[in-house]
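K.L.:
The lines below spell out each chain.
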Amino acid sequence: MTAPVHGSASFWRTYVFSQDHKVVGIQYAVTGLLFLLLGFTLMMIMRWQLAYPLRPIPIIGGWLGSANAPGGIMLPEFYNQLGAMHGTIMVFLGVVPLAVGGFGNFVMPLQIGASDMAFPKMNMASYWVYLCGGLIMVASFFVTGGAAQSGWTSYPPLAVIAPGQTLWLIGMVLLITSSLLGSINTIVTVVQLRAPGLTWMRLPFFVWAQFVTAFLLLLAFPPLEAAGALQLMDRLAGTSFFMPSGLVVTGQPLPISGGGNPLLWQHLFWFLAHPEVYVLILPAMGIVAEVIANNTRKPLWGYRALVYAVGFLGFMSMTVWAHHMYMTGMGTTMSTFFQITTMVISIPSVVILTVLMLSLWGGSIRFTTPMLFALAFLPMFGLGGLTGLPLGLAPTDIPLHDTYYVIGHFHYVVAPGTIFALFAGIYYWFPKATGRMMHEGLGRIHFWGSLICMNIVFMPMFIQGLGGMNRRLYDGGLQYAHNAPLLKWHVVIAMAAWTLGLFQLPFIANFFGSLKWGTPVDRNPWHATTLEWLAPSPPGHGNFQTIPTAYRGPYEYSVPGAATDFTPQFEPDAQ
Amino acid sequence: MLRMLGLPNPASAHANELDALMAMTHWLMAGMFVVWAAFFVAVLWRFRSGARTKADYHGTRGLASTLAVCAVIVEAFLIIAHAYPVWATRAAAPPSEAVVVRVVGEQFAWNVHYPGADGFFGRTTLGLIDPDNPLGLDRRDPVAADDITTVNQLVLPVGRPVVIRLSSKDVIHSFAIPEMRVKHDAVPGIDGPLWFTPTRIGEYEVVCSQLCGLAHYRMRAAVSIKSPADFQAFLTEEASRPR
Ligand code: HEM
Ligand SMILES: [Cu+2]
Ligand SMILES: [Cu+2]
Numbered sequence: 035m036t037a038p039v040h041g042s043a044s045f046w047r048t049y050v051f052s053q054d055h056k057v058v059g060i061q062y063a064v065t066g067l068l069f070l071l072l073g074f075t076l077m078m079i080m081r082w083q084l085a086y087p088l089r090p091i092p093i094i095g096g097w098l099g100s101a102n103a104p105g106g107i108m109l110p111e112f113y114n115q116l117g118a119m120h121g122t123i124m125v126f127l128g129v130v131p132l133a134v135g136g137f138g139n140f141v142m143p144l145q146i147g148a149s150d151m152a153f154p155k156m157n158m159a160s161y162w163v164y165l166c167g168g169l170i171m172v173a174s175f176f177v178t179g180g181a182a183q184s185g186w187t188s189y190p191p192l193a194v195i196a197p198g199q200t201l202w203l204i205g206m207v208l209l210i211t212s213s214l215l216g217s218i219n220t221i222v223t224v225v226q227l228r229a230p231g232l233t234w235m236r237l238p239f240f241v242w243a244q245f246v247t248a249f250l251l252l253l254a255f256p257p258l259e260a261a262g263a264l265q266l267m268d269r270l271a272g273t274s275f276f277m278p279s280g281l282v283v284t285g286q287p288l289p290i291s292g293g294g295n296p297l298l299w300q301h302l303f304w305f306l307a308h309p310e311v312y313v314l315i316l317p318a319m320g321i322v323a324e325v326i327a328n329n330t331r332k333p334l335w336g337y338r339a340l341v342y343a344v345g346f347l348g349f350m351s352m353t354v355w356a357h358h359m360y361m362t363g364m365g366t367t368m369s370t371f372f373q374i375t376t377m378v379i380s381i382p383s384v385v386i387l388t389v390l391m392l393s394l395w396g397g398s399i400r401f402t403t404p405m406l407f408a409l410a411f412l413p414m415f416g417l418g419g420l421t422g423l424p425l426g427l428a429p430t431d432i433p434l435h436d437t438y439y440v441i442g443h444f445h446y447v448v449a450p451g452t453i454f455a456l457f458a459g460i461y462y463w464f465p466k467a468t469g470r471m472m473h474e475g476l477g478r479i480h481f482w483g484s485l486i487c488m489n490i491v492f493m494p495m496f497i498q499g500l501g502g503m504n505r506r507l508y509d510g511g512l513q514y515a516h517n518a519p520l521l522k523w524h525v526v527i528a529m530a531a532w533t534l535g536l537f538q539l540p541f542i543a544n545f546f547g548s549l550k551w552g553t554p555v556d557r558n559p560w561h562a563t564t565l566e567w568l569a570p571s572p573p574g575h576g577n578f579q580t581i582p583t584a585y586r587g588p589y590e591y592s593v594p595g596a597a598t599d600f601t602p603q604f605e606p607d608a609q
Numbered sequence: 682m683l684r685m686l687g688l689p690n691p692a693s694a695h696a697n698e699l700d701a702l703m704a705m706t707h708w709l710m711a712g713m714f715v716v717w718a719a720f721f722v723a724v725l726w727r728f729r730s731g732a733r734t735k736a737d738y739h740g741t742r743g744l745a746s747t748l749a750v751c752a753v754i755v756e757a758f759l760i761i762a763h764a765y766p767v768w769a770t771r772a773a774a775p776p777s778e779a780v781v782v783r784v785v786g787e788q789f790a791w792n793v794h795y796p797g798a799d800g801f802f803g804r805t806t807l808g809l810i811d812p813d814n815p816l817g818l819d820r821r822d823p824v825a826a827d828d829i830t831t832v833n834q835l836v837l838p839v840g841r842p843v844v845i846r847l848s849s850k851d852v853i854h855s856f857a858i859p860e861m862r863v864k865h866d867a868v869p870g871i872d873g874p875l876w877f878t879p880t881r882i883g884e885y886e887v888v889c890s891q892l893c894g895l896a897h898y899r900m901r902a903a904v905s906i907k908s909p910a911d912f913q914a915f916l917t918e919e920a921s922r923p924r
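Sequence order for the protein chains is A and B.
Counting the first sequence from 1 gives a position; my numbering is that position plus 34.
Counting the second sequence from 1 gives a position; my numbering is that position plus 681.
Treat the hints with care, as some may be off.
Said to hold, decoys possible - Only pairs whose alpha carbons sit at most 20 Å apart, straight line, appear in this in silico SDA-like list of lysine to any residue:
| no. | chain 1 | residue 1 | chain 2 | residue 2 |
| --- | --- | --- | --- | --- |
| 1 | B | LYS735 | A | PHE600 |
| 2 | B | LYS735 | A | GLY595 |
| 3 | B | LYS735 | A | PRO594 |
| 4 | B | LYS735 | A | PRO559 |
| 5 | B | LYS735 | A | GLU590 |
| 6 | B | LYS735 | A | ALA596 |
| 7 | B | LYS735 | A | HIS561 |
| 8 | B | LYS735 | A | VAL225 |
| 9 | B | LYS735 | A | ALA597 |
| 10 | A | LYS522 | B | GLY687 |
| 11 | A | LYS522 | B | LEU686 |
| 12 | B | LYS735 | A | LYS522 |
| 13 | B | LYS907 | B | ASP811 |
| 14 | B | LYS735 | A | VAL593 |
Worth flagging that the hints you see were computed from the coordinates, not collected in a lab.
Chain A on its own, in the form it takes in the complex (with noise of 0.2 Å):
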């Protein structure tokens, strides 16, 4: 144990260059939702661009600065940078850090009882490699000639040759490498620190959530990191990695040895980010699964067959990436494998789901905030993953690939999915964290006008990319005469998109009002089962004070015969 630290310089050490799992898991929380805050801004300058093409950005135009909005009027090099750091900033600095930094660091070593991670340095070192790769990410808008401009897939030639991509893998091989750290801390915590009497079948779902997502970030991520420092070579050393030979740019041949190949960076970058969208949603399952059964007051139905199809998805995600490229000139045979496994990976989706709905077969459902947002994390993520099918089937991916039916169907699958389970997870553990509860009443407001406004913003995409409207369109598709009855939308969408901005602000002021103001609770206040209620609220140093012993499964609720509703798997037999 590391003795307790005293003096001026214990402030730096306990809330800044800290150790403990908990202050590091409030540290990536923090920064992923500002990160999520800073991606949803992009997004809601963008959206009067496509809304309003070419007109003056009203209020903030003029702070962008000349080299990107003259006049207020957005260049198409800023547009796209917005493109590719909106989409950047909420996979790998918002979404990822929180599910995986915040939600896995705080949570899972209270549920598996241990007192802090296995290596506690290397969870710090994560959290700042972290910081420093997102604040290059952040930094690269400032240099001269901007943040990168290839979409956050950063396919080559274009990003090999567009200004801006320098910073941007630099970042990239950062964060992945933070990823790494991670990962590697919790595959180990969880084989090794789990308290006496917790056996694997006794864990609680959200930890075999993290421990599956850990694997996929430490076999899926490598590939790109590597893949990033080679297409950093070809910008900074003139190397030809993923150059063909033989490339003309605006009339000059370029002067690189070529030999490459550009299809190449797709394979290795599909082959990190397929993985990556379920490195997205296995830790949102976790949270949901929790938040549904404290909230049910019923065991999970189905425990074991979530654990068999979180595992088996795990798995089979890194077998399905190249149905993102079906347009590059696929053959029969390799289209028809990636065909079959992308629609068995929807199976162990469809029991997941499955099991979480009937799980709220004969409960007695409290709707709280928390509960409400898991539970339209049901319906949401089911539109996500239905749209996916039409997708995921190579014919009919044709007219659909690389436009708004695109757009819709992973927003639905990450925005009103994925951040509606992280809402509950907030919004679930924050008494835990801070020992006060957040605002029901302000919650309730943050969770209806979020889920009206995401639908009205979604929605429309599927009609617009069923109609044929591309993505990635600095004037959202004014040039093309297919578009012209879908331009409506974009109208529809922005305005949504604004509203659910404002929407946040409950949800702002409920976080930082509570911890001033928020009721204070014990140890229990949501009456649940699992471990982490057993330590104080917030826990102290080293979580509980004597360790714990896990007598039962983790979702003993209304137990026949019991006295209460719900008997803990710390408490000991009564017999």
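Starting from the known structure of chain A, fit chain B with the ligands onto it as the hints suggest.
P.N.:
Just chain B with the ligands now, with coordinates in the frame of chain A:
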């Protein structure tokens, strides 16, 4: 359903089959979602804590595996009966009587290259590329003499298969004509074939469908589908143009 989906008006031979699969998939999705959402709302209502103070420890029995099996069957059906055959026709070799055209993307234009009366494409060379000769076509090559090139103007006959040999000079573009239900990436260094049979005379647009730089949003080419006679007339006129 097709009407409701609002796909652009189909104009190629394989479009109807593809649209049918699209409609079927969306029927299936809509059906699943409605049944599922109804069940969801009913469960929330029936088991709300206001109505039941005590939860049932055991819950329900048996459905998940049945649902998973249904999902497998439906998806297997979609792949085997529809997706595979439709994609196979897309990936198969085109019929031999096809019109063959080269299309080469560049930032930010589509260069079109017809082989001319002899049916052979002339040699192209990097060194010859200049603003007047964006493809770098070597006119000294005997088979190049009758070749026709245009920029952002693709003219094709109706009712005959068309093979597009697609590539790019610089970055990745994507060649798509929404009404023809075709989309294919133009990757530098790869000469990707793509084929379809236009079925309706009219004017269409090539939409670049892969982010390719600042003017990606207006990288457009006009497509005219003409009757065979008009197509022949177009070729004759272009061939007689002095160069
Ligand atoms: C909740 C509010 C959000 C809104 C209104 C929003 C809106 C959009 C829109 C309209 C685009 C397409 C831009 C274009 O193609 O020109 C886009 C792209 C994207 N979004 Fe979001 N988004 C939101 C949240 C998220 C979240 C939570 C994530 C990820 C976890 C995310 C990830 C992405 C990615 C990866 C892209 C593709 C970027 C690219 O083209 O390279 N977004 N978003
Ligand atoms: Cu994927
Ligand atoms: Cu383009």
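K.L.:
Can you list which hints this structure breaks, lowest number first?
P.N.:
Those not satisfied are hints 8, 12 and 13.
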